[in-house]
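S.K.: Could you put the whole structure together from the sequences, leaning on the hints where they help?
Residue numbers (the numbering used here), protein chains in the order written: chain A, 7 to 204; chain B, 7 to 204.
None of these hints come from the bench; they were simulated from the model. Just so it is clear, CB atoms sit at the ideal spot from N, CA and C, and this is done for glycine as well. It cannot be assumed that every hint is accurate.
Said to hold, decoys possible - From the derived model, a few chain A residues whose C-beta atoms are all more than 12 Å from chain B: (1) ARG23; (2) LEU55; (3) ALA100; (4) LYS136; (5) ILE146; (6) LEU165; (7) ILE166; (8) ARG175; (9) SER178; (10) LEU194; (11) ARG201.
What the hints assert, rightly or not - Think about it this way: if two alpha-carbon atoms lie no more than 27 Å apart in a straight line, the pair counts; the simulated DSS-like pairs of lysine-lysine are: (12) A:LYS44 with B:LYS65; (13) B:LYS44 with A:LYS44; (14) B:LYS16 with A:LYS44; (15) A:LYS103 with B:LYS30; (16) B:LYS172 with B:LYS83; (17) A:LYS132 with A:LYS167; (18) B:LYS16 with A:LYS65; (19) B:LYS83 with B:LYS106.
Stated by the list, open to error - Which chain A residues face chain B? A few, computed with CB under 10 Å, are given here: (20) SER11; (21) LEU21; (22) PHE37; (23) MET42; (24) CYS76; (25) THR95; (26) GLY183; (27) THR193.
If you want the building blocks of each chain, they are given just below.
There are 2 protein chains.
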Amino acid sequence: MDYYSEYINKLIEQLSRLPGIGTKSAQRLAFHIIHMPKDQVRQLTDSVLEARENVQYCKECCTLTDREICPICANEKRDHGQIMVVENTRDLAAYEKTGKFEGVYHVLHGAISPMLGIGPDDIKLKELMKRLQKDVHEVIIATNSSLEGETTAMYISKLIKPTQIKVTRIASGVPVGGDLEYIDEVTLLRALEGRVEL
Amino acid sequence: MDYYSEYINKLIEQLSRLPGIGTKSAQRLAFHIIHMPKDQVRQLTDSVLEARENVQYCKECCTLTDREICPICANEKRDHGQIMVVENTRDLAAYEKTGKFEGVYHVLHGAISPMLGIGPDDIKLKELMKRLQKDVHEVIIATNSSLEGETTAMYISKLIKPTQIKVTRIASGVPVGGDLEYIDEVTLLRALEGRVEL
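M.R.: Right, dumping it as structure tokens:
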């Protein structure tokens with residue numbers, strides 16, 4: 007490809023390694039970047055480097071934060087005895103946006119997946135178990151309702167059972183506003199099983 | 007959004023400014039970058055900065071290159087009297103991949119678009135006209151067959167006409183392998199108008 011500069015080829019190659027970016031998108035991004043003002047390009051690379059440099063795991067809940075202890079764990083008004091276990095920081099953010107959860111979180115950074123070779127030791131499970139030695143009254147498992155999420159939920163609940171701490175799982179069912187016609191059978195069955203009296 | 011670090015928010019904001027990257031993709035990219043090994047992050051930012059720093063317009067054809075004169079313009083075996091005018095470097099690459107064009111290119115870096123306020127002075131047209139003072143026997147206009155591409159083609163052909171240099175336009179018609187049923191009317195009419203005797 008001597009019709010592109012080697013710098014462009016290298017940039018396209020680097021960009022296409024990112025998730026969800028194919029060769030065509032990488033090309034478009036590369037040419038966009040080359041036409042961007044230099045100070046904007048520098049802002050972009052600085053924000054990449056600064057984020058990579060400063061963001062770390064919260065010593066308490068393992069979420070991504072730029073402090074030792076994240077603002078949620080540092081907040082004394084929250085119920086530190088109620089821990090919601092999520093797969094990643096984006097899931098934490100999704101629940102946090104509802105503004106209704108008063109407890110704290112634990113971020114696993116993944117889910118158990120024998121297919122992908124991800125075992126219990128590859129996610130932040132030891133860190134969760136250590137937290138349970140303090141005064142915890144409920145662990146809410148809010149992993150995804152995928153195969154991996156369900157496997158992880160089962161695994162964690164078995165692990166916690168002996169401690170006598172209450173373990174709950176968020177409800178699966180028909181999403182609010184969802185049209186039954188378009189919802190898969192497994193979800194429909196879950197919604198039936200989980201029916202509540204009115 | 008105090009549930010994300012300000013560094014993550016800033017990175018998401020920067021990434022979502024790129025074309026084709028929405029907020030959700032920017033979030034996914036940001037978290038991916040934070041989990042990447044530091045040396046890989048550095049490789050990514052270096053390739054961005056190096057490309058922006060070293061890539062410039064070819065002094066001859068205006069394509070993006072890291073040299074004064076791009077490899078195609080520097081190649082004495084090519085026919086420098088036959089210039090194919092394209093909208094951008096990706097279009098040049100598309101023709102170059104065919105391996106059948108022996109002439110040289112001229113890259114406009116855009117097309118005339120009164121809607122977007124892009125006039126003849128906003129694309130590399132002056133640079134093209136200057137090249138025609140040398141010994142040129144044909145200008146092939148290969149702008150896109152969009153409204154902007156056609157407008158640009160008409161504009162350039164009118165500009166060149168007085169110089170007596172032969173001006174041609176790449177054929178429009180049914181793409182090879184295209185199923186007539188799925189091709190729009192304008193293309194079908196163009197294909198009919200441009201029919202050739204067998």
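S.K.: Does each hint fit the structure? Answer for all of them.
M.R.: So, going through the hints one by one against the coordinates:
1. ARG23: It is violated; ARG23 of chain A is separated from chain B by about 8 Å at its closest Cβ, not greater than 12 Å.
2. LEU55: Per Cβ check, LEU55 of chain A is inside 12 Å of chain B; nearest 6 Å; violated.
3. ALA100: At about 10 Å from chain B, ALA100 of chain A fails to clear the 12 Å cut-off, so the statement is violated.
4. LYS136: holds, 22 Å
5. ILE146: The claim stands: ILE146 of chain A keeps its Cβ more than 12 Å from every Cβ of chain B (closest is about 17 Å).
6. LEU165: holds, 25 Å
7. ILE166: Since the minimum Cβ distance to chain B is about 25 Å, ILE166 of chain A lies beyond 12 Å and the statement holds.
8. ARG175: holds, 22 Å
9. SER178: Per Cβ check, SER178 of chain A is outside 12 Å of chain B; nearest 23 Å; holds.
10. LEU194: The claim holds: LEU194 of chain A sits with its nearest Cβ about 27 Å from chain B, beyond 12 Å.
11. ARG201: Given a closest Cβ separation of 32 Å, the condition holds.
12. A:LYS44 with B:LYS65: Given that 27 Å is the threshold and the Cα spacing comes to 20 Å, the pair holds.
13. B:LYS44 with A:LYS44: holds, 23 Å
14. B:LYS16 with A:LYS44: The given pair, whose Cα atoms are some 18 Å apart, holds under the 27 Å limit.
15. A:LYS103 with B:LYS30: OK: LYS103 of chain A and LYS30 of chain B at ~15 Å, within 27 Å.
16. B:LYS172 with B:LYS83: Satisfied, since the Cα-Cα distance of roughly 21 Å is no more than 27 Å.
17. A:LYS132 with A:LYS167: Given pair LYS132 of chain A, LYS167 of chain A holds - Cα atoms ~15 Å apart, limit 27 Å.
18. B:LYS16 with A:LYS65: holds, 23 Å
19. B:LYS83 with B:LYS106: holds, 13 Å
20. SER11: holds, 4 Å
21. LEU21: holds, 8 Å
22. PHE37: holds, 7 Å
23. MET42: Cβ of MET42 of chain A sits 7 Å from chain B, so the hint holds.
24. CYS76: For CYS76 of chain A, the interface hint holds, since the closest Cβ of chain B sits about 8 Å away, which is under 10 Å.
25. THR95: Result: holds, 7 Å to nearest chain B Cβ.
26. GLY183: With Cβ-Cβ at 19 Å, over 10 Å, it is violated.
27. THR193: violated, 22 Å
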